[in-house]
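Student: For the sequence shown, my numbering begins at 239 and goes up steadily by one.
Hints were generated in silico from the structure; no laboratory data involved.
Don't be surprised by glycine CBs; every beta carbon is placed ideally from N, CA and C.
Each statement offered as a hint is correct.
Label pairs and their calculated CB-CB ranges:
| # | residue 1 | residue 2 | range |
| --- | --- | --- | --- |
| 1 | Asn694 | Ser529 | 46 to 56 Å |
| 2 | Glu368 | Glu685 | 51 to 61 Å |
| 3 | Lys591 | Asp460 | 47 to 57 Å |
| 4 | Pro489 | Asn630 | 45 to 55 Å |
| 5 | Asn630 | Asn563 | 16 to 26 Å |
| 6 | Asp389 | Glu625 | 46 to 56 Å |
| 7 | Asp295 | His484 | 46 to 56 Å |
| 8 | Gln453 | Asp517 | 20 to 30 Å |
| 9 | Glu296 | Gln496 | 55 to 65 Å |
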Amino acid sequence: MKTAGRLLLILMLLNLTFLLSAEDTIQNEVEESNTEVEDATEVKEAEEKEELISLTDERRDTLKYGIDSEIITLLNKIAGEEDPVYAEDVALVYSESNNADIMKAAVDYFIKIDYADAVSVAAARINNWEDENFNTLSVSLRYFSSFPDDDSEDIIFPLVDHEIKTLASAAITAIGKCGTEKSVDPLLDLLDDDDFYDELKPTIIKALGDIGSEQSLDILIDILEDIDEEKSWRWNACEALGKIGHPDALPSIELALQDSDTYLRAYAVKALAAFEGDDIEDTLIQSLKDSFWRVRVSAAEALGELKSTEAVDILIYKAKKDPENNVKIAAVAALGEISNNEALDFLKELYRKSNTPPSVRTRSAEIIIEKDITGSLQVITEVIDQEWEKDNSAVLSYTCKFLSKAESPKLEPVFERMLGHNDVAVKIYGIRGIQLNGFGGMKKRLEELTDEKINNAVRKAALGAIEQM
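Construct the entire structure; sequences and hints are all you get.
Tutor: Here it is, written out as structure tokens:
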């Protein structure tokens with residue numbers, strides 16, 4: 239009996255030992271499994287973090303390491319955004335590249351953001367013009383002349399009689415942009431030189447106007463009044479006289495308004511904007527009735543420059559009923575320049591109406607957002623409501639694009655709504671608007687857009703905005 243009891247006790251102990259051993263094995267397996275899960279999670283998170291490199295960093299990498307076509311596409315994009323954060327990166331690209339298309343895109347970006355720190359590179363390229371090709375030199379001339387100093391003319395002038403005519407033309411244009419009176423005599427000498435390229439003399443005439451040279455006034459008036467002169471000479475002389483703006487030129491410009499050359503009439507109308515007086519406004523208003531649409535466009539532009547409240551009624555009429563779309567858009571732009579209550583109220587109504595031509599409607603949107611964002615929020619909200627469910631709505635897309643560049647504390651709910659739209663571009667415009675306005679309260683909402691299920695471009699834009707908060 240005692241023996242049987244001992245055997246039973248031994249069996250129980252063996253069974254308990256087996257159970258404990260099995261439990262340890264299971265526990266070890268569970269722990270190993272958990273470790274594997276944790277490792278996999280960490281790997282996944284690391285991969286996601288690497289994938290979610292910010293848009294800013296990704297763009298900088300493209301500027302450093304991308305192929306030419308990628309860099310050009312990116313430069314065009316950031317020029318449109320006018321974001322100065324990439325200035326130094328683009329300056330490095332500009333200094334190292336010999337690709338004229340890349341250089342042009344870089345210069346477009348520099349000019350958009352008013353960045354002059356790379357001008358010394360352009361000056362060096364111009365000084366060493368024999369080692370450059372025409373395309374890269376033309377780009378450098380454009381950039382260099384956009385930010386002139388006292389020595390700019392001296393650096394550029396050796397190129398004005400270059401054997402490559404298009405390069406010589408670019409140099410003359412650059413002189414016009416950055417030149418002073420000291421360039422006038424050499425330019426007049428070239429204009430009078432029978433051996434100099436005749437086809438470049440209209441460019442010289444234009445440059446004299448860009449400089450604002452009163453010294454050349456009599457010569458330009460003679461060219462304009464000579465009905466036997468080359469048309470392009472007369473056109474440029476008329477434009478130049480308008481830029482100079484001397485009252486002695488006014489009778490000649492007014493005479494050109496009666497010329498049979500329709501293009502000369504358009505130049506004359508544009509030139510009148512440099513002068514003041516009720517008679518000038520009346521003449522421009524009458525020019526809105528000219529049979530040639532370019533004259534009407536020039537008249538609208540000139541009245542906008544003059545901020546003529548007297549022209550508001552006829553500009554409203556032209557914006558609604560002119561047979562040429564270009565005239566409608568010019569009238570809308572002029573009303574935007576005038577920007578009195580009557581003009582802005584009309585533009586809001588033009589934007590509201592769904593039967594307004596899309597190009598006119600979007601131009602109206604751009605103006606009211608720029609000129610009166612607070613007073614325009616109601617109509618903007620109405621139009622967004624109208625267009626929200628439409629597929630590929632250009633009006634909605636452009637409205638959101640213009641809003642993304644606007645600053646107002648009242649825009650926060652509008653941008654938040656944009657984040658919920660199905661269109662990727664609309665979402666990104668909303669992100670940009672939040673970033674520009676510094677709406678820190680939207681950070682959590684932006685973080686939701688970094689989820690792996692969200693479109694990659696949206697995720698990167700959101701991460702870039704979060705980084706700058």
